[in-house]
Each structure stands twice: as structure tokens, then as C-alpha cells.
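Whole structure, please, built from the sequences with the hints as guidance.
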Amino acid sequence: MRFYRALFVATTLAVTAPIMPVNAMQPPAQSEFLPVEDIPPGEQIPAFTMLGAAYGFVWVALLGYVWSIARRLQKVESELADLESRSK
Amino acid sequence: MSKLNPLFIGLSGVMLGVAPWVINAAPYESTMGLVQKVFYFHFPAAILFLVAALICGVASAIFLFGKKPRADGWAIAAAELGLVFGSLTLVTGPLWARKAWGVWWVWDPRLTSSLLLWMIFSAYLLLRKYGGPGSDKLGAGMALFGMANVPFIYVSVNVWRTLHPQTSVVPTLPTDMGIPLWFCFAAFTMLFMALLNLRARLEHQRARVVALYLAEDEA
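If you read the protein sequences in the order shown, they are chains A and B. Everything in the first sequence is counted per this note's numbering, starting at 1 for the first residue and increasing by one. Everything in the second sequence is counted per this note's numbering, starting at 1001 for the first residue and increasing by one.
Hints are not guaranteed to be accurate.
Stated by the list, open to error - Below, simulated DSSO-like cross-link-like pairs (lysine-lysine); rule was C-alpha separation at most 27 Å, straight line:
1) B:LYS1137 - A:LYS88
2) A:LYS88 - B:LYS1129
3) A:LYS75 - B:LYS1129
4) B:LYS1003 - B:LYS1068
5) B:LYS1068 - B:LYS1129
6) A:LYS75 - A:LYS88
7) B:LYS1129 - B:LYS1067
8) B:LYS1137 - B:LYS1068
9) B:LYS1137 - B:LYS1067
Stated by the list, open to error - Sample of chain A residues with no beta-carbon within 12 Å of chain B, all distances over it, derived:
10) TYR4
11) ALA6
12) PHE8
13) VAL9
14) ALA10
15) THR12
16) PRO28
17) LEU62
18) GLY64
19) ARG72
20) GLU79
It is worth saying that the hints were derived from the structure and are not from the lab. C-beta: ideal position from N, C-alpha, C; glycine also.
Structure follows, in C-alpha cells:
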């Protein structure tokens, strides 16, 4: 019986030992939400991300459009050359 | 003009490649900080969006009232460029606004009327692609309404209360902010002119292809 009691205590300690320091570090559960004027600097939207996204979008859209016009023009001009050579 | 297209595209490509360094040298704006530098691409795109609407409207008027079919090609070209530059404006604007105003979008007169013009261009191009016979004249009428929207968009920030900066911002820019702005504006304008010319040429060549097919059918 003493052996089982010791085993129970040892097992309980082994299982709960890694949890206890974590529980000790955890903040108490939040019971209400409190508004603040400014959010912490670490959580603000980074301006560089927005700037990079804006410039990146402009570059990709313009390059894509130049490529699209060149491709369509090449197609029409080859069709035109084909038709003109047929009509001669 | 067609000989200038590769020159304009090449030069604008180089200038847009150098632009980040020129913009980086500009000072930060006092209230908005780094994100205000979106302005150096946003403003040229927005102005050329309005210029495209004016060109599309004038070319459509020439096509409708002057009975000049070539003008219709210029109108289609300007409408497509309007859609592209409008998209640049309507994407870069909210990216700037999210950081500066805390919201992606507000339904104020400047933003709403710009979105309306973009939708007119979209509707015009869809009509021209899928509208069938008669869509050229219907589209030209629509382009005139698009052009009528331009002065309203421009003055809206001065007439109504809005979050968007007023038109007085640009003439009062300090020199070290003005240089990168006009540098980017020159690059965007050269690219716009070259693309407009190439896109109109595409439309004129398409008209020739259709004419040749019709001549073949008649023969």
C-alpha cells in the first residue's frame, strides 16, 4: 500500500512538474476588456510593408501591361502580314 | 511618334528603377512619416487616370460627332490605360490610407467618384468587347459621361470635407519633396504616352485585319 501511495505521488509530481512553472508564469484570466488610446508600437502596422506593397503592385502591374500589349500587338501584326500576303 | 515608343519605355523603365533612391532621399512628412512616400507613385497614377478619361472622352466626341473611325481606336486605348492607371491609384491609395488614416477606405467624394470613374472604364471595355454591333456609339456616349466626372473628382477635395489631402498640397510642396514627385511624374507620363500610342496602334491594326477579312469574304 505504501508502495502504491509513493508511486501515485511520484507520478503526480512527474506529470504536473512541467506544468506548474508555466501556470505560475501565466497572467490571470482576463475578466474585462479595457480600451486604450494607442496600441503598443510592436503591434502597429509597419509603414514599410504598405510602401513595399504599393510600389511592388505598381511595378508588377505596369510590367504585366507592357508585356500584354507587346504580345497582342505581335499577334495582330503577324495576322495582318499573313492576310496581306494572301491578298497579293 | 512610333519611333519614340521604345525610347520612352526604356527611359521610363530606367527612371522607375532609379525612383526608389530618389524617393528615399526625400524627407519624411511630419504627420504620416514613411508611408507618405506612396504619394510619389500614387499622384502620377491618379493624374494620368484623369488624363486617360479626358483623352477617351475627347476621342469619343470626335468619333461620334466628327465621324472619324480612327478616333475610336484612340478612345479604346485611353479607356484601357484609364483602367490600368485607375487600378494603380485605387490600390496604392488604400495601402497608404490604412496606415495614415487607420482604414482602408472611406466613402468620401474623392474616393467614391474615383471608383465610379474606374467602374465606367470597366463597363466601357466590357461593352466594347461583348456589346456586339452598335457598341462603338454606345461606348462613346458612356466615355463622355466618364469625362464629365473628371472635374468633379479633381475639385471634390476642396469643396467637400474629406480625409484626402487637398489639391493645394502639390503646388506648396517643398523642393526636396517636389523633385522626386516630378521625377516620377515624368517617368509615368512617358510610359503612359508610349503605351497609349502602342495600344491605339493595336486597335488600328485590328481594324485593318477586320477590313481585310471582309474584303476576302466579298471577293
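Comparing the hints with the structure gives:
| no. | hint | verdict |
| --- | --- | --- |
| 1 | B:LYS1137 - A:LYS88 | 34 Å, violated |
| 2 | A:LYS88 - B:LYS1129 | 31 Å, violated |
| 3 | A:LYS75 - B:LYS1129 | 18 Å, holds |
| 4 | B:LYS1003 - B:LYS1068 | 24 Å, holds |
| 5 | B:LYS1068 - B:LYS1129 | 20 Å, holds |
| 6 | A:LYS75 - A:LYS88 | 20 Å, holds |
| 7 | B:LYS1129 - B:LYS1067 | 21 Å, holds |
| 8 | B:LYS1137 - B:LYS1068 | 12 Å, holds |
| 9 | B:LYS1137 - B:LYS1067 | 10 Å, holds |
| 10 | TYR4 | 63 Å, holds |
| 11 | ALA6 | 62 Å, holds |
| 12 | PHE8 | 57 Å, holds |
| 13 | VAL9 | 56 Å, holds |
| 14 | ALA10 | 56 Å, holds |
| 15 | THR12 | 51 Å, holds |
| 16 | PRO28 | 31 Å, holds |
| 17 | LEU62 | 7 Å, violated |
| 18 | GLY64 | 9 Å, violated |
| 19 | ARG72 | 6 Å, violated |
| 20 | GLU79 | 6 Å, violated |
In this structure, the earlier hints numbered 1, 2, 17, 18, 19 and 20 are contradicted, and the remaining ones agree with it.
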